[in-house]
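These protein sequence lines map, in sequence, to chains Y and L.
Here the first sequence stands for residues 1 to 310, numbered as in the numbering used here.
Here the second sequence stands for residues 311 to 631, numbered as in the numbering used here.
Simulated from the structure, these hints should not be mistaken for laboratory data.
Incorrect hints may appear among the rest.
Counterexamples of contact, computed for chain Y against chain L with all Cβ distances above 10 Å [stated by the list, open to error]:
#1 Thr70
#2 Leu83
#3 Glu104
#4 Lys128
#5 Leu267
#6 Glu271
#7 Lys280
#8 Gly286
Here are the simulated SDA-like cross-link-like pairs (lysine to any residue), alpha carbons at most 20 Å apart as the crow flies [unchecked claim]:
#9 Y:Lys96 <-> L:Asp420
#10 L:Lys317 <-> Y:Leu108
#11 L:Lys491 <-> Y:Glu85
#12 Y:Lys136 <-> L:Glu403
#13 Y:Lys96 <-> L:Phe323
#14 Y:Lys96 <-> L:Lys491
#15 Y:Lys75 <-> L:Gly407
#16 Y:Lys280 <-> Y:Ile290
#17 Y:Lys75 <-> L:Asp420
#18 L:Lys317 <-> Y:Glu85
#19 Y:Lys211 <-> Y:Asp92
#20 Y:Lys136 <-> L:Ser402
Derived CB-CB ranges, DEER-like [stated by the list, open to error]:
#21 Y:Arg71 <-> L:Leu337: 52 to 62 Å
#22 L:Met624 <-> Y:Asp131: 30 to 40 Å
#23 Y:Ser58 <-> L:Pro527: 52 to 62 Å
#24 Y:Thr14 <-> L:Met624: 13 to 23 Å
#25 L:Ala494 <-> Y:Asp131: 30 to 40 Å
#26 Y:Gly41 <-> L:Asn523: 54 to 64 Å
Computed from a prediction, not measured in an experiment: that's the story for all the values here.
Where a beta carbon is used, it is the ideal one built from N, C-alpha and C, also for glycine.
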Amino acid sequence: MGQVVVETKDLTKTYDGFTAVDGLNLRIEEGEIFGFLGPNGAGKTTTMLMLMGLTEPSSGEAQVCGYNSTREPLKVKRIVSYLPERVGFYEDMTVKQNLRYTAELNSLSQGEAEKRISNLLATVGLSKVADEEVSKLSRGMKQRLGIVDIWIKEPKLAFLDEPTSGIDPEGIDDILNLMVRMAKKGITIIFCSHQLHQVQKICTRVGILAKGRLVAEGSVDRLGRQSIGGGRYRIEVEVAKLDSKLSDSIKRVKGVVEVQASGNSLLISCEKDLRGQIAKVIVDSGNLLIGMKIEEYSLERIYKKYFREI
Amino acid sequence: MYVVFRKELADHFASRRFAILFILVLLAAMFATYIAFQNIRSELTPTTEFVFLKLFTTSVKGWPFLLPPFLFFISLLIPIVGIALGFDAINSERASGNLSRLLAQPIYRDSVINGKFLAGLAVLSIMVVSVIAIVAGLGLRIIGVPPSSEEVLRLLVFVLISVIYGAFWMALATLFSILFKSAATSMLASIGLWVFLFFFMSVFPVIPGAIANAAVPIDQNSSMAMISKNAEVHGIISRISPSTLYGEAVAAILSVPALGSASFLALMVISTYASGRMLTPLPFDQSLLLVWPQVMGIIALAVICFAVSYIRFMREEIRAI
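Kindly produce the complete structure, drawing on both the sequences and the hints.
This is the structure in structure tokens:
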């Protein structure tokens with residue numbers, strides 16, 4: 001259990017009659033990569049803005065590292081970075097000049113700023129264009145510049161709003177890798193995305209927001225089991241030759257709920273991850289275990305499942 | 311705030327906008343001064359007190375405007391400079407996606423608008439001072455008469471009033487840059503308002519004229535009282551425009567002789583000082599006293615515009631798109 005970085009209590013935001021965020025309770029711990037999902041207008045960005053103190057909540061409370069975002073926005077903004085959707089830079093300034101400005105706004109000393117700028121530009125592969133004007137950069141390069149821009153202050157927490165939208169597949173991989181690297185340096189990451197596949201790739205936990213409410217929250221595995229597998233693990237086993245004696249002995253393993261056979265495969269539902277025990281039963285019975293895999297739930301399926309219910 | 315200020319200032323100096331404006335203002339000033347040089351001798355009499363100030367106030371025969379060429383161009387260009395420095399202050403940041411990034415930095419929100427405004431003010435001051443200094447320098451070489459200490463004092467006040475006047479237009483343009491999401495709209499709104507206030511209220515006072523004539527109709531047979539009443543209404547209406555206030559203030563400070571009949575100075579002078587004024591200019595402190603309401607008017611307008619911008623900007627919510 002790490003330190004709590006983000007905590008919200010009944011966070012609510014209404015814009016003239018329209019509820020953007022509705023009683024949100026969220027808890028995010030240090031080192032997590034938290035994926036914020038939900039359709040457009042579900043309140044993801046509004047939540048981020050409230051956590052940074054850029055927007056005042058209508059009621060409830062948002063805290064970042066123990067600081068109240070509404071009352072102490074400056075303290076929060078010192079340890080939090082934000083990469084907005086459709087981020088912009090000063091086009092007629094060079095890459096380095098833009099970064100220096102951010103560094104100055106964060107009161108970094110000049111020497112420290114230069115050191116971090118050149119290190120980070122090298123990390124994201126922008127060293128070559130350091131002295132080019134931003135207007136000459138491609139969309140993907142600008143997004144990587146955005147990563148440097150939020151990294152430079154070495155925050156505790158970084159918000160990324162749609163960091164991969166409008167970028168080519170290779171660029172997306174770059175961004176995702178950089179996010180993982182940030183997380184490894186101890187920066188907690190919260191990001192919004194519609195690219196469920198990418199979210200699944202790097203997130204430790206996801207939260208699904210719909211109409212301002214958190215409808216689901218947890219690791220992708222857990223969400224999948226809850227929403228699709230009826231809360232159970234499903235294990236698929238392939239053996240050399242299937243007979244009913246084997247299925248029966250598997251059924252007797254404690255925790256196994258159901259066994260379905262088809263050809264030389266078995267689909268086993270169980271309450272826990274029983275791969276080890278099942279493998280042992282198969283091997284002990286003298287049969288040959290050819291393959292075994294636990295069902296993985298794609299985030300896309302989970303997501304669609306939740307939105308069918310609403 | 312200092313960081314924002316420095317960056318904005320550097321931006322201004324590096325921008326083409328600044329170069330173009332500066333050249334424009336400089337050319338206009340040089341042109342006006344050239345006209346003045348051509349005519350300065352005819353206006354000088356042995357009793358002329360402020361020979362040096364004549365550089366800025368000499369008019370030409372047939373010049374159609376109330377203010378002499380140099381002051382006319384200055385009063386024409388200062389609003390343009392002010393508007394150019396302010397019309398996209400906030401909305402360009404928003405449109406380029408820089409605003410939310412900027413506000414997410416650990417700075418107070420008002421540092422952004424304060425820093426920007428102060429940087430604009432600095433640029434404006436530099437422009438006004440350098441233009442007047444260049445004209446004064448050229449004039450010193452050509453007419454060879456050094457300014458007296460009172461003339462220097464009057465010039466300094468002139469610079470100050472001009473900067474305040476520019477600050478008003480900059481504050482107005484900044485306000486529009488907050489109210490309107492598109493820079494083009496805020497530019498058009500500022501320019502539109504300027505055209506209205508400068509041309510229709512001050513230079514060709516058709517609107518004050520119409521209102522005055524409707525309120526106090528006069529013809530050739532009208533009594534003196536009616537005529538002065540008409541002029542009074544005319545003056546009050548036209549003084550809604552900061553352009554009029556500025557024109558009156560600088561005319562009094564630089565001691566411009568004989569303005570048009572409806573003008574404020576003539577009125578004030580006729581009523582207060584009877585006929586003596588044309589021969590001997592008002593003393594410095596009296597001139598200051600005379601323009602005090604005008605200057606305060608401009609300051610008040612500038613402060614109001616800036617305050618409204620400030621409040622709007624501070625209360626504006628950064629919203630999810």
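Cross-check of the supplied hints:
1. Thr70: holds (13 Å)
2. Leu83: The claim breaks: Leu83 of chain Y does not keep its Cβ more than 10 Å from every Cβ of chain L (closest is about 8 Å).
3. Glu104: Per Cβ check, Glu104 of chain Y is inside 10 Å of chain L; nearest 5 Å; violated.
4. Lys128: holds (23 Å)
5. Leu267: The claim stands: Leu267 of chain Y keeps its Cβ more than 10 Å from every Cβ of chain L (closest is about 43 Å).
6. Glu271: Non-interface label on Glu271 of chain Y holds, nearest chain L Cβ at 41 Å vs cutoff 10 Å.
7. Lys280: Per Cβ check, Lys280 of chain Y is outside 10 Å of chain L; nearest 53 Å; holds.
8. Gly286: holds (62 Å)
9. Y:Lys96 <-> L:Asp420: violated (25 Å)
10. L:Lys317 <-> Y:Leu108: holds (16 Å)
11. L:Lys491 <-> Y:Glu85: Status holds; Cα separation ~18 Å.
12. Y:Lys136 <-> L:Glu403: holds (19 Å)
13. Y:Lys96 <-> L:Phe323: Roughly 19 Å between the alpha carbons, so the hint for Lys96 of chain Y and Phe323 of chain L holds.
14. Y:Lys96 <-> L:Lys491: violated (29 Å)
15. Y:Lys75 <-> L:Gly407: violated (23 Å)
16. Y:Lys280 <-> Y:Ile290: With a Cα-Cα distance of about 13 Å, the restraint between Lys280 of chain Y and Ile290 of chain Y holds, given a limit of 20 Å.
17. Y:Lys75 <-> L:Asp420: Measuring from Cα to Cα gives roughly 16 Å; hence the hint holds.
18. L:Lys317 <-> Y:Glu85: Judged against 20 Å, a Cα distance of about 24 Å means the pair is violated.
19. Y:Lys211 <-> Y:Asp92: This hinted pair is violated, its Cα atoms lying about 39 Å apart.
20. Y:Lys136 <-> L:Ser402: Between Lys136 of chain Y and Ser402 of chain L the Cα gap is close to 19 Å, so the pair holds against 20 Å.
21. Y:Arg71 <-> L:Leu337: 52 to 62 Å: Holds - the Cβ-Cβ distance for Arg71 of chain Y and Leu337 of chain L, about 54 Å, lies within 52 to 62 Å.
22. L:Met624 <-> Y:Asp131: 30 to 40 Å: Holds - the Cβ-Cβ distance for Met624 of chain L and Asp131 of chain Y, about 36 Å, lies within 30 to 40 Å.
23. Y:Ser58 <-> L:Pro527: 52 to 62 Å: At 59 Å between Cβs, range holds.
24. Y:Thr14 <-> L:Met624: 13 to 23 Å: At roughly 21 Å between Cβ atoms, Met624 of chain L and Thr14 of chain Y fall inside 13 to 23 Å, so the hint holds.
25. L:Ala494 <-> Y:Asp131: 30 to 40 Å: Since the Cβ atoms of Ala494 of chain L and Asp131 of chain Y sit about 32 Å apart, the hinted range of 30 to 40 Å holds.
26. Y:Gly41 <-> L:Asn523: 54 to 64 Å: Hint holds: Cβ distance 58 Å, inside 54 to 64 Å.
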